[in-house]
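> Sequence:
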Amino acid sequence: MQLDGRTFLIAGGSSGLGAACARRLTGRGASVVIADIDERRGATLASELGDRAAFAPADVTDEDGVGRAIATARDRFGDLHGAVVCAGIHRAEKVLRRDGVASLDAFRRVVEVNLVGTFNVVRLAADALRSAPEGEDGERGVIVMTSSIAAYESQVGQAAYAASKGGVASMTLPIARELSRFGIRVVSVAPGVFETPMMVGVAEDVRRSLADQIPFPPRFGQPDEFAALVEHIITNRMLNGAVLRLDGAMRMQAR
Numbered sequence: 001m002q003l004d005g006r007t008f009l010i011a012g013g014s015s016g017l018g019a020a021c022a023r024r025l026t027g028r029g030a031s032v033v034i035a036d037i038d039e040r041r042g043a044t045l046a047s048e049l050g051d052r053a054a055f056a057p058a059d060v061t062d063e064d065g066v067g068r069a070i071a072t073a074r075d076r077f078g079d080l081h082g083a084v085v086c087a088g089i090h091r092a093e094k095v096l097r098r099d100g101v102a103s104l105d106a107f108r109r110v111v112e113v114n115l116v117g118t119f120n121v122v123r124l125a126a127d128a129l130r131s132a133p134e135g136e137d138g139e140r141g142v143i144v145m146t147s148s149i150a151a152y153e154s155q156v157g158q159a160a161y162a163a164s165k166g167g168v169a170s171m172t173l174p175i176a177r178e179l180s181r182f183g184i185r186v187v188s189v190a191p192g193v194f195e196t197p198m199m200v201g202v203a204e205d206v207r208r209s210l211a212d213q214i215p216f217p218p219r220f221g222q223p224d225e226f227a228a229l230v231e232h233i234i235t236n237r238m239l240n241g242a243v244l245r246l247d248g249a250m251r252m253q254a255r
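Last residue of the sequence shown: 255 in full-length UniProt numbering, with the numbers rising by one and none dropped.
Check the hints yourself; a few may be wrong.
Below, computed lysine to aspartate or glutamate pairings styled on EDC-like, alpha-carbon distance capped at 20 Å [said to hold, decoys possible]:
id, residue 1, residue 2
1, Lys94, Glu112
2, Lys94, Glu153
3, Lys94, Asp105
Hint data in this document are derived by calculation from the structure and do not stem from the laboratory. Model, not experiment: these values are computed from the prediction.
Make a model of the complete structure from these sequences and hints.
Have a look at this one:
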């Protein structure tokens, strides 16, 4: 699928990886609807990107909110051609703490946003995409989800995050197989450690420890490097049902 003249929903698009995707896709001639709970940042970014961008306030876990964001894409730009799901949260907590045990509510919240929220966007976007006009090879659309290398090797205290991102990775292939008959591709990206708002406030010694685990390049990833892979996924029709690591060969240590 070519980007020029196409329209994409970017869930979690107001900052970090999602914002980088919005900038890159609009720079290639696509239109985007930025769906996010951060209305100030989302509206500011949409204004910065100009006529090819719109903002729709939406929580990925809310069916009505995501539905309205998809409606905004169709009303403003015509047919929807794809969705990129970048929304996510992180909370580190050990199963056993000195003062008790991990919070079940906190565990549920991480899974609710990262896994259930992703699935919510996927199912509603797929419903919109199945009625889109067919392109080359019968392609109607593409959905890109965000997993994490935490799905494969995660650190102590990351049980909730690993479970949520492992769920995204695991559902990629079955959803891709199901939606293939509609001409909709589904691919996930499993990024390593990237310079995003999620890293704000991380202690300098922890940052150094993480960077030391990345063979090459020996640094954190930049959001535009994630966006560049998303662009390639969209434009390469043979990419389907895969979970692609983007981590500089990083394999996280236990601590």
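> Now, for every hint given, state plainly whether the structure supports it.
Status of each hint after checking the structure:
no.: 1; hint: Lys94 <-> Glu112; verdict: 19 Å, holds
no.: 2; hint: Lys94 <-> Glu153; verdict: 16 Å, holds
no.: 3; hint: Lys94 <-> Asp105; verdict: 14 Å, holds
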